[in-house]
Amino acid sequence: MDKIQENLLAEIADLHGIPTGAYNIRANGEGAGRRSTEHIEITTKTDKPGIDIRIADNTVRESMHIPVIISETGLTEAVYNDFFIGKNCDVTIIAGCGIHNCGTQKSEHDGIHTFFVGENSKVRYVEKHYGEGDGNGEIVLNPQTIVHMDAGSYMEMDTVQIKGVDSTIRTTKADVADNATLIIKEKIMTHGKQHAETDFTVDLNGEGSSTNVISRSVARDDSTQLFVSNIRGNNKCAGHSECDAIIMDNGKVGALPKVEANCVDASLIHEAAIGKIAGEQIIKLMGLGLTEAEAEEMIVNGFLK
Amino acid sequence: MLELRNISYNVADEGQDKEILKNVNITLSDDKFFVITGPNGGGKSSLAKIIAGIYKPSSGQIIYDGKDITDMSITDRARLGISFAFQQPVRFKGLTVKDLLTLAAGEELKASACDYLSEVGLCAHDYINREVNASLSGGELKRIEIALTIARGSKLTIFDEPEAGIDLWSFSNLITVFEDLKKKTNGSIVIISHQERIINIADEIILIANGEVVKHGNKEEVMPLFSGSTFKCKFK
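Protein chains in written order, with the numbering used here: chain A, 145 to 449; chain B, 21 to 256.
The reader is advised that the hints may include incorrect statements.
Pairwise CB distance ranges, derived in the manner of DEER restraints [unchecked claim]: (1) A:K449 to B:T196: 31 to 37 Å; (2) A:N286 to B:D37: 53 to 59 Å; (3) B:S157 to A:E174: 55 to 61 Å; (4) B:N153 to A:I327: 51 to 57 Å; (5) B:K52 to A:L400: 44 to 50 Å; (6) A:D302 to B:H214: 20 to 26 Å; (7) B:K203 to A:G165: 53 to 59 Å; (8) B:N60 to A:N286: 55 to 61 Å; (9) A:G175 to B:S155: 42 to 48 Å; (10) A:G423 to B:S28: 19 to 25 Å.
Since the hints were made in silico from the structure, they are not lab data. The structure presented is a predicted model; accordingly, all values stated were derived computationally and were not measured. Note that CB positions come from ideal geometry on N, CA and C, so glycine has one too.
Same shape as in the complex, but just chain B:
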């Protein structure tokens, strides 16, 4: 279980202190799908990066399975079982898909490499020895990023807009990946998304706007707030 207690996050913006997150309190229980949604610039990605340890909160506490991980490094959080998939995956000159999958899986890869890649609709034969460099399209990189989280099999996996840039691959496949991952890890999945089809599979939805949690509840409780322009006018 992950608890965010009174998390605030400020950054310096043109000499001014800008509040990205304001006193956020969220509890993410085990074995559930969470979707964090809300308008662009509302603080969703910052929140995900704070959970992964990429950003340090200005104040507040992060408790994971009863342990205070607020000051823990990215590495230590990863080893505890927190995994993060980037919205815009990173490219590496010289490192191959196999290098990264092997690292993510934490063991020498054999047959499983093929499984990880085929789960995201890529042929292992074509991709396993490819460099994760600029020769891969944004969509291919995105799918490799998702394959890495499958290989990692963490108890808590956070996806930052996984659907963005996914080319020639159906949405239902993406949803199957999330469901399979959850089943395999018995863990929780947190997805940052605007997509209704992803919101539809959520057990709980957290609506964030202007750095604050506007609503945390099930679909029936949160969806009425999404009435097109009403949503935009109210929170943007």
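Bound-form chain A, shown alone:
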């Protein structure tokens, strides 16, 4: 692995070398390292690009890394990763994709991740997207996440895209069974002429199921963003979505939060707030000795922390 690839790994997964536990590293469209463990088995798919990850029942306090890095210009790939998580597990999965594009052609990675979360299992899923490079080639990431949650399970998705991705369309679809909970936290910052779209659909099918979809984003320069969410309450359930966006320069953000109650006991809330940084916030921080630019930076960093 060269310096560029090592840097990408550090950016997306905080990895400085080979991780402990199970891992699968994909670099420039090929496997660059893999380790299965006693409870986490990783196998290559035979019908299409990607891997199957099988986590045994009762696997607790284990983590796995599945980073993807691309440093070749002009590489376009769609990868299918399926996660079969057994019952009563407590695991952390760290995914992410970093692209270094120094060329003139488009580099694109579309990761399609499907999760089957077993009964009473707890999953933390962390996904970070990052792009860099001084070429004119576009960096495109279009992740899809499909989540099937069994009764009593809990999943927390933490997704971050702060830098360097020219275009992204993130699609997340989930169905949530009895007493299961899905938490989605998304953080996005776009610059230049970048565009980011996120589209969440959550079906709260089970009695006592719940979800909380929280998006915080900053659109700077001439970048654009669109947030779409649809929470369908199909049983006695609780759903909440929150889109909070800061616009700067000529940035544009649209929010289409939708809630759909198909059961009289469904309790659903959506909130969306878009606006520039409040002048009073800048004044307060300037009063503590920061310049206007430093104050803006601190507010944005805090907002996306």
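The hints should help you fit chain B onto chain A, whose structure is shown.
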């Protein structure tokens, strides 16, 4: 020492030019408590914001320690040693009490964070990592705002109605905070207030009504003007 020379401040109000402050002249010497008081809408807060650099005066000069700071930014005034505590403190999504205290103190916080918060009656353990967002009550925010001024330790600190919204915390504690701050900074404290108990600790009181300084003097000179309805009838 801070001098306000012929300060006027006008704003556009429904197409009309409205005078908020009219030719105000005040000298605030070092190491003293000043209370600016007077009826609502009289121009007290505007005056404080002009000193802090938040509002620009329409005319006049502001001289701080012999230096003309009239055109200086909020940042430069803060760095010179002027601190301002908002009447209604600002909320920040994502920034914690610790972030703001660290910025105010200008150094990495260690044990002192606890001291700043305990001085305003808050337990550091409970508050230091809290976000300064809508989850804090108005009273909690107000106390954090005061803790920031303690951490800042500026030579001139201006409080805009510090007592408003202070919940479950005694007035005498607030006064102790002001006294300790003054002792620590050897500086001056300017408090905008209607509260008699705060007026009582002032070395000098400035009574402002209708955008003008009606009286600037000690308690004995100014207090006779506060005879209930007389005060209201005369200046409102």
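Taking the hints in turn, this is what the structure says about them:
| no. | hint | result |
| --- | --- | --- |
| 1 | A:K449 to B:T196: 31 to 37 Å | holds (35 Å) |
| 2 | A:N286 to B:D37: 53 to 59 Å | holds (56 Å) |
| 3 | B:S157 to A:E174: 55 to 61 Å | holds (56 Å) |
| 4 | B:N153 to A:I327: 51 to 57 Å | violated (18 Å) |
| 5 | B:K52 to A:L400: 44 to 50 Å | violated (58 Å) |
| 6 | A:D302 to B:H214: 20 to 26 Å | violated (49 Å) |
| 7 | B:K203 to A:G165: 53 to 59 Å | holds (57 Å) |
| 8 | B:N60 to A:N286: 55 to 61 Å | holds (57 Å) |
| 9 | A:G175 to B:S155: 42 to 48 Å | holds (46 Å) |
| 10 | A:G423 to B:S28: 19 to 25 Å | holds (23 Å) |
Violation of the numbered hints given earlier is confined to hints 4, 5 and 6; the remaining hints are satisfied by the structure.
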